[in-house]
Each structure stands twice: as C-alpha cells, then as structure tokens.
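Novice: So the chains spell out like this:
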Amino acid sequence: MQFKFPDVGEGIHEGTLVNWLVKEGDEVELDQAICEVETDKAIVEIPSPVKGKLIKTHHVEGDVINVGEILAEFETKENTESKESKESSNNQEVKNDNVVGNLVDADNAPKDSSFDFENYTPSMKLSNETIFEKANTKNEVENNKVSNNDNTNYIELNNIKLTTAKRMKESLHSTAQVTQFADVIVDKIIKERNEHKEEAKKRGVKLTYLAFIVKAYIKTLEDMPEFNAKLDLENKRLVLRDHISIAIAVNTENGLLVPVIKDAQNLSIEGIAEQIQILAEEARSGKLDLSQIQGQTATVTNYGSIGSKYSTPVLNSPDLINLGIGSFEEKVYLNKGHVESHTIAPISLTFDHQAIDGAQAVGFLNKLQEHLENLEY
Amino acid sequence: MSEIKVIDAINKALEIGLEKNPDLILLGEDIGKQGGVFRTTSGLQAKFGEERVVDTPLSEQGIMGAAVGLSINGHLPVPELQFDGFIWPGFDQIINHITRFRTRTRGRYTTPMVIRVPFGGGIHALEHHSESMEAIFSHIPGINVVIPSDPYSAKGLLLDCLESKDPVIFLEPKKIYRAIKQEVPDEHFKIDSKKARILREGNDLTIISYGACMYDTKKALPEFLKEYPIDFELIDLVSLSPIDYNTILKSAKKTGRVVIINEENPNCGLASELSATISEKCIKYLKAPVKRVTGFDVIIPLLKTEDHYLPTKTRIIEGLKEVINYK
Numbered sequence: 423m424q425f426k427f428p429d430v431g432e433g434i435h436e437g438t439l440v441n442w443l444v445k446e447g448d449e450v451e452l453d454q455a456i457c458e459v460e461t462d463k464a465i466v467e468i469p470s471p472v473k474g475k476l477i478k479t480h481h482v483e484g485d486v487i488n489v490g491e492i493l494a495e496f497e498t499k500e501n502t503e504s505k506e507s508k509e510s511s512n513n514q515e516v517k518n519d520n521v522v523g524n525l526v527d528a529d530n531a532p533k534d535s536s537f538d539f540e541n542y543t544p545s546m547k548l549s550n551e552t553i554f555e556k557a558n559t560k561n562e563v564e565n566n567k568v569s570n571n572d573n574t575n576y577i578e579l580n581n582i583k584l585t586t587a588k589r590m591k592e593s594l595h596s597t598a599q600v601t602q603f604a605d606v607i608v609d610k611i612i613k614e615r616n617e618h619k620e621e622a623k624k625r626g627v628k629l630t631y632l633a634f635i636v637k638a639y640i641k642t643l644e645d646m647p648e649f650n651a652k653l654d655l656e657n658k659r660l661v662l663r664d665h666i667s668i669a670i671a672v673n674t675e676n677g678l679l680v681p682v683i684k685d686a687q688n689l690s691i692e693g694i695a696e697q698i699q700i701l702a703e704e705a706r707s708g709k710l711d712l713s714q715i716q717g718q719t720a721t722v723t724n725y726g727s728i729g730s731k732y733s734t735p736v737l738n739s740p741d742l743i744n745l746g747i748g749s750f751e752e753k754v755y756l757n758k759g760h761v762e763s764h765t766i767a768p769i770s771l772t773f774d775h776q777a778i779d780g781a782q783a784v785g786f787l788n789k790l791q792e793h794l795e796n797l798e799y
Numbered sequence: 002m003s004e005i006k007v008i009d010a011i012n013k014a015l016e017i018g019l020e021k022n023p024d025l026i027l028l029g030e031d032i033g034k035q036g037g038v039f040r041t042t043s044g045l046q047a048k049f050g051e052e053r054v055v056d057t058p059l060s061e062q063g064i065m066g067a068a069v070g071l072s073i074n075g076h077l078p079v080p081e082l083q084f085d086g087f088i089w090p091g092f093d094q095i096i097n098h099i100t101r102f103r104t105r106t107r108g109r110y111t112t113p114m115v116i117r118v119p120f121g122g123g124i125h126a127l128e129h130h131s132e133s134m135e136a137i138f139s140h141i142p143g144i145n146v147v148i149p150s151d152p153y154s155a156k157g158l159l160l161d162c163l164e165s166k167d168p169v170i171f172l173e174p175k176k177i178y179r180a181i182k183q184e185v186p187d188e189h190f191k192i193d194s195k196k197a198r199i200l201r202e203g204n205d206l207t208i209i210s211y212g213a214c215m216y217d218t219k220k221a222l223p224e225f226l227k228e229y230p231i232d233f234e235l236i237d238l239v240s241l242s243p244i245d246y247n248t249i250l251k252s253a254k255k256t257g258r259v260v261i262i263n264e265e266n267p268n269c270g271l272a273s274e275l276s277a278t279i280s281e282k283c284i285k286y287l288k289a290p291v292k293r294v295t296g297f298d299v300i301i302p303l304l305k306t307e308d309h310y311l312p313t314k315t316r317i318i319e320g321l322k323e324v325i326n327y328k
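Chains as they are written, first to last, in the working numbering: chain X, 423 to 799; chain D, 2 to 328.
Honestly, the hints are just simulated from the structure, not real lab data.
Every residue, glycine too, gets a C-beta built ideally from N, C-alpha and C.
Mixed in with the good hints there might be a few duds.
Said to hold, decoys possible - With a cut-off of at most 20 Å between alpha-carbon atoms, the simulated PhoX-like pairs for lysine-lysine come out as follows:
#1 X/K547 to D/K227
#2 X/K473 to D/K305
#3 D/K166 to D/K195
#4 D/K196 to D/K285
#5 X/K560 to D/K285
#6 D/K254 to D/K166
#7 D/K182 to D/K220
#8 X/K556 to D/K227
#9 D/K322 to D/K255
#10 D/K328 to X/K547
#11 X/K547 to D/K182
#12 X/K475 to X/K583
#13 X/K556 to D/K305
#14 X/K478 to X/K499
#15 X/K475 to X/K499
#16 D/K227 to D/K166
#17 D/K328 to X/K556
#18 X/K547 to D/K254
#19 X/K556 to D/K191
#20 D/K255 to D/K220
#21 D/K285 to D/K21
#22 D/K195 to X/K547
#23 D/K314 to X/K560
#24 D/K251 to D/K285
What the hints assert, rightly or not - Stretch-level coverage of chain D by chain X, calculated; a stretch enters the list once three of its residues show a Cβ under 8 Å from a Cβ in chain X:
#25 156-169
#26 290-297
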C-alpha cells in the first residue's frame, strides 16, 4: 500500500522531512509515528496509516515533500491478498490527499465487519413491565417485608439515647476536639481518703476518689479561667463563666445522663462527694429534672469506675474541656536509680482546639497533676 | 448502482442538481478549482463553469449574505461552509435573515437554499473543526436541519433538500465522508428529508442515532447483541429539525426502552429534547428511563483525546445495557 504525504493542517502544501523514526523492514502499528516533518507551523509526527510492514521509504531526511507525494510503502495483510484491486482504485485515492485531519477511508481501512441486519434473529425476550408496574411491585415487596417477613431485630431508641445521639453529633460537628493524656500519682489521695472515709460514712456520704479529683479540677479551673468558658466566635471572644459547675457523666440503665454539680467552687470535697451521690442516684432512678442536667461549665467522665484506663471523651458543648479519669493501677517507677511503686490514675483531657491551643492544654494538665499529687485545693 | 462513499454521493447529488436545476449555484471557499477542502465538489467547476460553481472570498458572512440575495431573486444557492466551527460569522445571516424572510414578508419572499456544513468530530482535526452544534441550529425556527448517516442517505437526502421550499442546513458527518462504501443508485432519487428512517424494526429496544454516531453505533451492535440477542429497533433520526415525532413516539410506545446516541455537548442538547418529549408523551409505556449517550460538556478536545469525548464503543454498549437491565 502506498502512503502519500497527507495534509497535516490547513493550507500546508509541503513539508521538510526531518527524520525517519522507523526504517525499511520494520513492523509498524497503526498510528505509530513513522517520521517527523517540519511545516510552516510546527514539526509534526506522521502516524502510520496501517498496521503492517514498512517495505520502502521514498524520501531521505532533508527532502521537501509535497502533499500527495508518495512517502512510504507498506505491506499489510490486506494488500498482500488483493494488490491488484488496490492499484485499480488508485484514482480514488488521489482525491483523498488534500484533507484536514485524518479521515477513515473505506479503501484503506480493513473491511468493516458491519452488522448483518438481514440475517439477525433475536433470541432473547425482555420483560414487559413498565416503570410504574416495576415501582408497584417493588412497593408491594417492601410492604410485605415490613408486615410479614421481617426477620430483623430492632432496639427502639429512647429519648435519652436520641438526645445523646443528637448532642454527640452536634458536638463533633461544631468543635475541633483534641485529647491529651497524663499519668497522675494518686498515693496521697488514697491516704487522705482512707483517713476520712469512715467519718464521712457516719454522715451518710460515700467519699469517692472522684470527689478529690473534681476538687482539684475546680481548683485548676480557678487558676486558669480561660478553660471555664465558652466560645463566642460570632463576637470574636471567649465568654468567661462567673461560676464553676461540673457535669458528671453517669451511666444508667436508660443511657448516659450528665447531671450538674452547681456552683461547685463553693463545696468541700465531702460536699462534692455528697452531690455526686445524690445526682447519681436521681439519675439512675429517673428523677432528674431538666434544671439538673443544664448549666455546666466543664465536665468529668469517670470511665475508670467501670474498668477502662484510656478514653477520649467527647465535649459536652458548650464546654471547652472534658476530663476523663481511668482506673487506678499500681506501677513500678525508677526514681534516680531507686525502684519505687506508686498508684497511678491515667487521666485524659479533651479540649476544643478552636478556643484552646495544645500548649495551653498541656499547662492545664500539668497544673491539675500538680494539685492532685500534692493535695493542693 | 455503484459502490460509493458519502463524499461521492454528495458530489453526485450536486452534479445531478446542477444538471436538473439551471438556477442552482454552488458557492464557497475553494470549492471550485480545488474541489473543496474535503473534495466534495471535485470536478464540478470544470463541468459547470465558474458562474455556477463559485469560489468565494474567505468570508462566511459574505457567502451567506450572497446566498440570501441569490435566493430571494429566484436562484437556489448551495453555500458550503468549510467546517461547522466556521459557521458563526455567517450565523448572523442565518438567524437574522434566512430563517425569517418568509415570516417577515408574510410569505412574499422566501429563502430556499441548502447550506452544506461538514459536521462533527472524529478526524483528529484542529480547533474549530470538530464541533457538534446541531442543537443550536435545531433551536431556531424557520430552517430545517438534516443529516445523513451513510452514502445512500447522503445522496437521497441531499437531492430531496435541493427541492425544499425552505432553507436547510445539511450537516455532512465528516468522520464518515470516506469510511463507508455502499451500493447507491446512479440516477436521481429522493429520501424524505423530514422523516426518520427505521433501519431495523424491532419490539424490545429503540436505538436512535444519526450522522457518524450511527456508524459507531452499528459497529458497537455486534458485541452488544452477542451478549443480549434482543429484538431491537434502530432509527436514523435524519431530520433534526423538525423532528419526526410520529416515528419516534410510535417506536418508544412499542418498545418502552429508548437509547439516544449522539456526539453533542449534552447540556440543552438534541438528545435531551428527544428524551424530554418521549418521557412527556410516552411515560406510561416506558419500561426504563430514556438513556442518553453523548459527548461531554466541554470544548471538544484535540487529537487522540477526542476519541474519549465521542461516544466510545464501551459507552454505547454500557448505555444499551443500562436500559435493558433497568429494574
């Protein structure tokens, strides 16, 4: 098959052969670049019009070639079979030359395996249901599923669960929560509690470790009031609270409740313990009213009481922090080469990074740790 | 009968037209001595002379303006615009005059003419050479838009358009100018240019296409039918404006499943128009939503990337499958 120099762009009638990219005898793919030709506009690669063997090149590098001149000859499966018929249609090919772009030519293209309409017999039948019939059938199936064949088990969500779901999502959607951890030595707290728990018991108060920790938490919030605040981005400010009210997460049969110790800054450790006791009882017996679960300025989550060591509590919006307390554990430490054993409380502090930087939060945790370890309240 | 290509079919139709109608005048850039950028008018100036096959200056506005004057004065101009992308300087004449003269003069003057426009992509050409703007032409009242899909229809439709009393935009799918050879009668014959052609009658799926996409659709069919040997109906739309809704809606009601394949930018396109009308008129008969397999809403990309813009065999087959597997 003779390949004539095609029109590579509007108004270009000649080009200079820059170099051959293939040589005589090479097998070439359809559209493979066979040579580069420089025209007024650019250097263009000339693609092979066929898949086959390049049997002859008609020009050498540097030649000026006119559109329509024979550039190369190819041997393809097809033209070895019907060389004669090709040559007889040469007149038609001449007409092809001056064309913008590459037109598929029935004379050069492999014989089209066009679809034989006349001898086609369909053997597959499609369903006759219209969209509406399908939709109705679908609805019936759905309806039947609900009324008759429903094997799925459900747990209906109560209002407490639904409220938790809503508030958790809102919290995570509206804040940038980060959690930091610290290990606190609680030896002194244990000693202190052991000394006072019997007295408290006589007054009907169960003196818990949690009360000590909440007291130290309050002290730290007094030291660093920017943590006892809420974020008011609209007015570009932090709103500092004039009281410290600590919400305590309480696990109940019906779900999570978070009652609030109001004005906790005024309470002693035993007072805090008493409040926690009352609120927890009321939570578990479902006696809390709305005012008792609102108005907190910071939150404590005591997952340690049920045996967990580490957690990242979710913020109880609009609080900026939520303190998590893990279960106590006795550990061996090295102190200047000497082996010591201490009881450790792993604590975590989730904070809203929108309002508080990581360094500030570390400052808060360090101060809290100091207060807890040295019984500074 | 001779086995010829689309390019030859158009050439023959123009030759017959020039012989039959002494008022017929071809005009365009390089159409005379050179025979047109694609060689569609090859040999016609030599046979009919420079006054009937006129090489014009490079001005589409001028070509179309001259056609308006010729037409009003009783001639039948057949202007050639080298590429669909070059039509826009002449579009002013089309939209402001050619489509309006009959209305403007309450029927006293008309502007019959056949505006020949090489159309569509698929030849890896330069910018402005590959657009598929049929929806814009079809949107304007007052002009018919016709497109053949093979050599037989190219000749029969063009000969029919040459007798139209209204102006016609005759889109010539350049990708298949030379790609198909087909037996075509040598003598004068006409195909109704306002009617869609049913290329195969069937009961289960209507496939609508036109122009070069009909060629691609036919190429995709064997692979599809191997997997789904269904009783399909294949319709060549032919007349893009006015659309032959008689044929289209009848077929849609019969099969209940319709796939439209073209290469336009889909937004506000002809496929959308067909889909909307079919949905509006046949909704209760439909067994699946009407599927459009089209180009994309981008400027048609150059060279090889163009192949991914045009409906590929894979996309055509996927579209057909989507409709017949709709649940």
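Novice: Which numbered hints does this structure break?
Specialist: 4, 6, 8, 11, 12, 13, 16, 19, 20, 21, 22, 23, 25 and 26
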